[in-house]
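There are 2 protein chains.
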Amino acid sequence: MNTNSAQQEALYNIAAVERDTGLSKDILRVWERRYGFPKPERDHNDERLYTLPQMEKLRLLRLLIDSGHRPGKIVNQDAAELSQLISEQASEKEAPAEIAAILDLLVRHDIDGFRNALLQALMKQGLLRFVTETVAGLNHWIGEAWMAGRIAVFDEHLYSEHVQNILRNAIVAQPGLGNGPRVLLTSLPGEKHRIGLLMVEAVLAAEGANCVALGTETPIIDIKNAVPAYQVDVVALSFSSAMTQSAALAGLEELRGLLPQTTEVWGGGAALSRARKIPQGVLLLRSFDDMRYALERWRVEHARS
Amino acid sequence: MNTNSAQQEALYNIAAVERDTGLSKDILRVWERRYGFPKPERDHNDERLYTLPQMEKLRLLRLLIDSGHRPGKIVNQDAAELSQLISEQASEKEAPAEIAAILDLLVRHDIDGFRNALLQALMKQGLLRFVTETVAGLNHWIGEAWMAGRIAVFDEHLYSEHVQNILRNAIVAQPGLGNGPRVLLTSLPGEKHRIGLLMVEAVLAAEGANCVALGTETPIIDIKNAVPAYQVDVVALSFSSAMTQSAALAGLEELRGLLPQTTEVWGGGAALSRARKIPQGVLLLRSFDDMRYALERWRVEHARS
DNA sequence: AACCCATTTTTGTCCAAGACAGAATTAGGA
DNA sequence: TCCTAATTCTGTCTTGGACAAAAATGGGTT
Numbered sequence: 000m001n002t003n004s005a006q007q008e009a010l011y012n013i014a015a016v017e018r019d020t021g022l023s024k025d026i027l028r029v030w031e032r033r034y035g036f037p038k039p040e041r042d043h044n045d046e047r048l049y050t051l052p053q054m055e056k057l058r059l060l061r062l063l064i065d066s067g068h069r070p071g072k073i074v075n076q077d078a079a080e081l082s083q084l085i086s087e088q089a090s091e092k093e094a095p096a097e098i099a100a101i102l103d104l105l106v107r108h109d110i111d112g113f114r115n116a117l118l119q120a121l122m123k124q125g126l127l128r129f130v131t132e133t134v135a136g137l138n139h140w141i142g143e144a145w146m147a148g149r150i151a152v153f154d155e156h157l158y159s160e161h162v163q164n165i166l167r168n169a170i171v172a173q174p175g176l177g178n179g180p181r182v183l184l185t186s187l188p189g190e191k192h193r194i195g196l197l198m199v200e201a202v203l204a205a206e207g208a209n210c211v212a213l214g215t216e217t218p219i220i221d222i223k224n225a226v227p228a229y230q231v232d233v234v235a236l237s238f239s240s241a242m243t244q245s246a247a248l249a250g251l252e253e254l255r256g257l258l259p260q261t262t263e264v265w266g267g268g269a270a271l272s273r274a275r276k277i278p279q280g281v282l283l284l285r286s287f288d289d290m291r292y293a294l295e296r297w298r299v300e301h302a303r304s
Numbered sequence: 000m001n002t003n004s005a006q007q008e009a010l011y012n013i014a015a016v017e018r019d020t021g022l023s024k025d026i027l028r029v030w031e032r033r034y035g036f037p038k039p040e041r042d043h044n045d046e047r048l049y050t051l052p053q054m055e056k057l058r059l060l061r062l063l064i065d066s067g068h069r070p071g072k073i074v075n076q077d078a079a080e081l082s083q084l085i086s087e088q089a090s091e092k093e094a095p096a097e098i099a100a101i102l103d104l105l106v107r108h109d110i111d112g113f114r115n116a117l118l119q120a121l122m123k124q125g126l127l128r129f130v131t132e133t134v135a136g137l138n139h140w141i142g143e144a145w146m147a148g149r150i151a152v153f154d155e156h157l158y159s160e161h162v163q164n165i166l167r168n169a170i171v172a173q174p175g176l177g178n179g180p181r182v183l184l185t186s187l188p189g190e191k192h193r194i195g196l197l198m199v200e201a202v203l204a205a206e207g208a209n210c211v212a213l214g215t216e217t218p219i220i221d222i223k224n225a226v227p228a229y230q231v232d233v234v235a236l237s238f239s240s241a242m243t244q245s246a247a248l249a250g251l252e253e254l255r256g257l258l259p260q261t262t263e264v265w266g267g268g269a270a271l272s273r274a275r276k277i278p279q280g281v282l283l284l285r286s287f288d289d290m291r292y293a294l295e296r297w298r299v300e301h302a303r304s
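Going down the list, the sequences are from chains A and B. Numbering of the first sequence is given in numbering that gives the first Met the number 0, commencing with residue 0 and proceeding in unit increments. Numbering of the second sequence is given in numbering that gives the first Met the number 0, commencing with residue 0 and proceeding in unit increments.
Worth flagging that the hints you see were computed from the coordinates, not collected in a lab. Check the hints yourself; a few may be wrong.
Listed next, the in silico EDC-like pairs over lysine to aspartate or glutamate satisfying Cα-Cα at most 20 angstroms (straight line) [what the hints assert, rightly or not]:
1. B:Lys56 / A:Glu80
2. A:Lys191 / B:Asp19
3. A:Lys223 / B:Asp19
4. A:Lys38 / A:Glu80
5. B:Lys24 / A:Glu80
6. B:Lys24 / A:Glu216
One-sided excerpt, in silico: chain A residues whose CB lies under 8 angstroms from chain B [unchecked claim]:
7. Gly189
8. Gly214
9. Ser272
Fair warning: this is a prediction, and the values are worked out from it, not measured in the lab. Backbone N, C-alpha and C fix where the C-beta goes; we use that ideal spot for every residue, glycine too.
Let the sequences and hints guide you as you build the complete structure.
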């Protein structure tokens, strides 16, 4: 790591920037060539050294591009203008009171209070509503709070850990009905978002499906091998906005080609929310309700046996 | 994705190979240049198209390199010779009976049986012994079984998920004593091994420490920012063998420099097990017992208040 | 205006071949 | 046997060019 802590002024090499911004080295280099930004310093060996402000601006750019802006039009705007654009994006609305209250505990670093608030919400709402309302809402509003600079990276880490604890706990406690399909649940390499996966698992468990969770980033070939081993009826994949739509569709298509026709393939998540052409034989789930309908349909179709 | 499903013969572009083997595009290209393998086909636009056997061999290579072999010496051996090397790696010993029994359930894909066996071990041994004996043993023997080809990638994924579920559940259920230090627990970017982190958290919880877990891969600057926010006494970092010793030591030293002297820094894990020179002001924990002594020492030193 | 198709622009990914620093190995000496 | 110095190995970074897929634009037609 190229950090110059003596001067309090950190410099990051291209690999660190790729890791922290999610923009590939190729993109960083080609933007520099085409648009003149980011124009990093160079070390004695002519290798790029990015400054912290450049990284911060790159993060803003990533955010805006993910939500529809074109790189060429915004790369050369300064940080203030970008923040302006982001705040235009950010909904004017305030978070609902229940969400705002929980968020406030997180911002204040009141760990126990935060955990208890989550647990109370779970008790009050039940697993299904807790996931689709409270957790989904928190995910969204934490994103907004992050954009506004009101939440730190470590707060997000803490949030992620506690939600994992609570969801895993609740999933295990769910009674297995046993009349649903056996669903293999995972994500493809590159997709690290665990909360989304756990939310899906919670909903599936609450609806009586029999879940086989493999965590994140299972290579496609290993998913294929797992299907006969665990005698799976459905393979469900989750894609967050961290993954591009084309990568998600390509992965789904490849997997579909490897699996027997009797195994269903379901895909969902932010990366697919705007997808139009879905590979044949893949079921696109745009919402948790879609998933519940898909489960219901599966039950009806397999009721004869 | 470049899949030619009509001929049953799939071809993968370089991005797909990077994703599925974990070998970067740069590595794939430079191996081809230097060693002549892998020498993929080319599409109409001269872009690389790898075959499935090439991918499989690349995976074997990755395995061997991760466990100490040098690329230049093994890249040009054929798949049979590589498998031979892999089986030589595996130790001759058998796993202890308790471990072997649990492992057998995993190999047979008996998910419920596997889970129940873990739970029973936890009940019988208590959290502390469960972690230091059963989980530590399973980690080791699953590694061996994987090298011997007796366990698949997806089995490991499933193992990881279930152990996470059980440990997180048990940690939460642990009564908070409140007379121990507040310990911030995480790993540095690049270190993804979650089980090790949870094992540490379990032991800390069982010994009455007050744990603030941030999950894996927290950037150093964010660890520094979290220390005052959560009023932490100790920062504990976990390093698996996936990380090099030098990277681990460099990270510890950088962090030590950023934190106030009143905050202790502890480090442990496989990457540090052979370390000699430890950065000043960092406590090296070579075992779980070391950690318990460190906790005890902290309690004594802070008993006056 | 709303819809559809063709053309143009934008944008991400891939390529080659060279360079170099840090890690790993070997050689040499105490 | 241990430690240090020289050498080899290996991963990552470099440039500038190329191209295809995606997105935007232009121009008709309904």
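Against the structure, the hints:
1. The straight-line distance between the Cα atoms of Lys56 (chain B) and Glu80 (chain A) is roughly 50 angstroms, outside the 20 angstroms bound, and the hint therefore fails.
2. Only pairs whose Cα atoms come within 20 angstroms are accepted, and Lys191 (chain A) paired with Asp19 (chain B) is accepted, the gap being roughly 15 angstroms.
3. Taking the CA atoms of Lys223 (chain A) and Asp19 (chain B), the gap is near 13 angstroms; set against the 20 angstroms cutoff, the hint holds.
4. Between Lys38 (chain A) and Glu80 (chain A), the direct Cα distance comes to roughly 19 angstroms. Compliance with the 20 angstroms bound is thereby established for this hinted pair.
5. Restraint check for Lys24 (chain B) and Glu80 (chain A): the C-alpha separation of about 36 angstroms exceeds 20 angstroms, so the hint is violated.
6. Of the pairs offered as hints, the one joining Lys24 (chain B) and Glu216 (chain A) holds, with about 18 angstroms between alpha carbons and a cut-off of 20 angstroms not exceeded.
7. With its C-beta approaching chain B no nearer than about 6 angstroms, Gly189 (chain A) sits inside the 8 angstroms limit, and its interface hint holds.
8. For the restraint placing Gly214 (chain A) at the interface with chain B, the shortest Cβ-Cβ distance is roughly 5 angstroms, inside the 8 angstroms limit, so the hint holds.
9. This hint is violated: Ser272 (chain A) has a C-beta 21 angstroms from the nearest C-beta of chain B, more than the 8 angstroms allowed.
Comparing the model with each earlier hint shows violations of hints 1, 5 and 9; every other hint is respected.
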